[in-house]
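For this one, chain X is given, so just place chain L on it according to the hints.
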Amino acid sequence: MTSSFLLIRLLNRLHPLLCRLKVHPEQLCHILTLKLTLEERKTTVNESMGGKPGMLKGMKANLLMQAFIGLLMGLVMLQPADLFYPAMIIMSMNVVMMVMYMVTDFSQVLLDTRDTAVIMTRPVDPRTMNAARIIHVIYYMTAMFAALNLAPLAMGVYRHGFRMIPAFLLVWLFLPLLVIFVTTLLYGFLIRQFTGEKLKDVLNVFQVFFSIMTVVGYQLAIRIFSLVDLHITFSLKWWTYLLPPAWYAGLFKVVVEGDPDPAYRLLMVLGMVLPVVLGYWLIRRLLPRYEYYLTKLQVEDGLRVPADSLPRRVQEGLFRWLSKDPVELAFMRFSAANMRRDRKLKLMMYPNHALGMFFPLLMLLPYLRRFDSLAVSLRELRGGLGYLSLYLMLLFLATNFSFLQFSECAPASFIYDTFPAKNRLVIFRAALKAYGVIYMLPALLIMGAVYTGLMGPAILPGLGVILLAAFALLGLRGIILQPFLPFSLEVREAGNRDIGETILFSMVVGGMSGLHFLLVKNRPLWALAACILWLVVIKVAFAHILSHGELTPQKE
Amino acid sequence: MTPVIEMKGLRMRYGSEGPYVLNGIDLSVTPGSIIGYIGPNGAGKSTTVKIMLGMVQDYEGDVLIFGENIRENPVAYKRRIGYVPEAAVLYDSLSGFEYLRFIGDLYDMEADDITAKGEQLFELFGIGDALHHRISSYSKGMKQKLMIIASLIHNPDILFFDEPISGLDANSVMIFKALMQQLARQGKTIFYSSHIMEVVEKISHRIVVLHQGQVVADGSFEMLQEKNHEGTLQEVFNQLTGFHSHEAIAASFAQVVTGNTAAAGTVPEGGMLK
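Those sequence lines, one after another, are chains X and L.
So in full-length UniProt numbering, the last spot in the first sequence is 556, and the numbers never skip.
So in full-length UniProt numbering, the last spot in the second sequence is 274, and the numbers never skip.
Do not rely on the hints blindly, as some may be mistaken.
Cross-link-like lysine to any residue pairs, in silico, SDA-like; alpha carbons within 25 angstroms at most [to be verified]:
#, chain 1, residue 1, chain 2, residue 2
1, X, Lys521, X, Ile479
2, L, Lys140, X, Leu361
3, X, Lys237, X, Leu270
4, X, Lys521, X, Arg312
5, X, Lys344, L, Ile135
6, X, Lys344, L, Lys202
7, L, Lys143, X, Leu361
8, X, Lys198, L, Tyr14
9, X, Lys60, L, Tyr91
10, L, Lys202, L, Leu27
Far from chain X by the CB rule (all over 12 angstroms, computed), these chain L residues [claimed, not checked]:
#, residue
11, Asn69
12, Leu106
13, His154
14, Ser172
15, Ile175
16, Leu183
17, Ala184
18, Gly231
Just so you know, these hints were derived from the structure itself, not from any lab.
All C-beta atoms in this analysis are idealised placements derived from N, C-alpha and C, irrespective of residue type, glycine included.
Chain X with its partners taken away, still in its complex shape (with noise of 0.2 angstroms):
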C-alpha cells in the first residue's frame, strides 16, 4: 500500500517487527492514516473566520512556525559562555514547546473519546490502537523536535563543532519520549481517579495550569541572560538534578565536550534511563486499562454547581449596579456563567490573561538589574513610575476580551435568535461588562496590591489612574471595534490573536501611558483629573455601544 505519508511509509517497512509486538501492522497504518488526515484537515480560526485560506495547513505550517521560533532560540547557541548554559536554555524551551502541545492539541488525541465507540466497537485489538496513538503522538513530537532545533544545531554546530550532530541525536531520541511519556502518564493518573464531569474539569485545571506554567516560563527563558552572568561557570546545585533539562545539558557536555565531571554523566544517564523506565512503566501498567478509563470521561454523573459563596454575591451586587435593565443582568449571569465554566474557553482565555499579569513584572526586571544588590534596586524603585508597565497588561486585557465570541457550544447560541431582544447589542455590553468585572477587576487588584507592595503608597493614585484607564479601555473596545455575539463561533485551536487589533490597541494604550508619564506622574491632583477623564470616557462609551455599528453576522 502506497500512501502519500512518510510515517506510512516507514511503518509498512516494519510490519515484521509490528507483528512481533503483537500489533496489527494493517489496521495500525488505517488508524494512523485517518488521523493523519484528519490532522490535515483540520481549520484554522483564521480560516474560519473568513481570513485567507489555503497557505499551509496543520502540520506544516506549525513545523515552519517551530523552525522560525528555533531560529530565534538558536542564536543562544553563539553566546560565548559555558555550553551548559545555551544547552540548558535550549532544552528548556524544547520542553516547554513539547509540553504546551501535549495539554493543548494532542490532549484531543488522548482523550478522543470517538475512537471507543468508532474503532473499538470494530475488530480491533486494544493493543494495536494504542500503539496508533501512541505512534501518532511521538511522530508529531519528533517532527516538531527536529523543525525546533534545526537552526540550533546548525549554529552550534558552527560554534561548537560537530560533535553536536550526535548530541543532538541523543536528544532527540529521548526528549520527546520523555515529555510524551510523562504527560501521559499524568492523564492516566488523573482519568484513573475522577470520573465524568468532575474528571473533565480536572482535566481542564491541569491543562490550563500547565498552559500557564509555560508561557510563563517560556518568558522566563528567553530573559534569561539579563537575570544571570553567563562568564562564571555553572556550578551543579543537588535540585539540578530534579530539572529535566538539565540532563540534557548534561548529555551535551559529555558528548560535545567530553567533559570528564561525573556529575555530567549522571545526568546524562538520568536522561536515557529515565524516559525508558517510564515508557516500560506506561506499556505494562497504564495502557492495558487506558480505554476502559476513557470511557468514565462519558459517566454522566451530575455535578451540582456551588451554592452562593462570598465572591458570587460580591460579584451578583457589582452586576446589580452595573446593568441598566434586567435584561442585560440576565445576560451578565449568563455571560459570567459560561466565562467560568467553558473549558475550551477557558484553556484560551486563562493562558493569555495570566500573561497579561506577568508581562508588566517582566518589564521590571531590568530596573531590578541596574544596581548591584536586589535590596537597593528595589528601594530605588520606591515611589517611582515603574508601575506604568502595567499599562501593558490592559493592552491584553482589552484584547483579551475578543476570545468571548467562542465557546465550546457555539451552536446553543441559536437561542440569541429566539430571543425577544430589541437590540442585540444588549447581549454584547452584557459580556463585555461581565468581563470588567469577572476577568479584569480581580487582575487589576491583585496587580495594584503587588506593586503596592513593591513601590509603596505613592503609587496609590497613579494606580487608581490606571484602574479606571483600564474600564475606559474596555469601553473604547466595545465602540471602536466591531461587536460580536458573545459564545457563537465554534472553539477551533488555540485561538489566534487579531494582529490589527493589537496594533490598534498598543497605538490607544501607548496614549494613555503617555499621558500617565508625561503629565499625571504621581501627583494627587493630576491623578484625579485624569480619573475624573476616563469616569466621563466610561460612561459615554458604554452609553455608545448600544448605538454602534452593526453586529458580526453569525457563521455556520
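For chain L alone, coordinates are given in the frame of chain X:
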C-alpha cells in the same frame, strides 16, 4: 439451537464503590431473532450493550458471543458484529466514502468491495449524491443513514442498534423496519434498544425489559400482554416499571405552567422516580 449471545450473572458498577448499574443479568439469544431491549433511563441498557461491544471491561460474570467468552477472546468476535450507537459519533472532517473505506479497512475488506457496497447502499438510501461530501455537511438523518450503512457493510451476524431511527424521515424508517425483518430472515440477530414502544412492539420477536439493572420481563409481545393483562407495550412497560402516575404528573405540570404553583402539591410523591 446454540445461542449467539449468552450473558451469565452479569454485574457491573463504575468504580469500586459505586452502586451496581447491572444487577445480575442472565440472557440467552438464538440466531435469527430481533430482540427489543427496553427499559427506563438509567436501567442499564447502554451499559449492557457496551459490555457486549467490548467498550467496557470491568464487569463481573460472563458474556459469551458466538460461544466464545469475550473476556478471553476480545477481538475476533467483533468481525461478525455491527453497531449503531445512540449518538452519531463520526469523524466529521472525512467524507462519507472515506469513513466507510476506513471502517471496511478495519474489517480487512477488499477496496473494490467497499466501494461497490458503499455506492449502492448510499444510492438505496437516497443519499448517493452525498457519498463524497464531508460528513460535517450532513444533516442528522444523513449521518444516521451513514451509521447504519457502516454497521452493515461487513455483513455481520449480530447487530446492535441503539435508537437507530432517530432523525430518519418516515419513508426511511419504513425501509429500515423492513430491512430488519429481511436481515433476521437471513439468520442475523438484532439487538434493538429504543424508547419508542410502538416500534419495539411491532418489530420484535422477543422483548426484554430491564429495570434497575435486572431483567423484569422476557418473552414475545403476546406473552407479556397475557402475563400483565395489558393492551399495548407502553402499558406493559408502565406496569413493569411500576409507573402509573403519568396523568397526574401531566395535569400538575400543566397547572404549574399556567402559574398555579399551588397545584404542585398534587404531584405524586417523588414525581417520576418512584
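Check: Taking each numbered hint in turn, which are not upheld by the structure, reported in ascending numerical order?
Finding: 1, 2, 4, 6, 7, 12, 13
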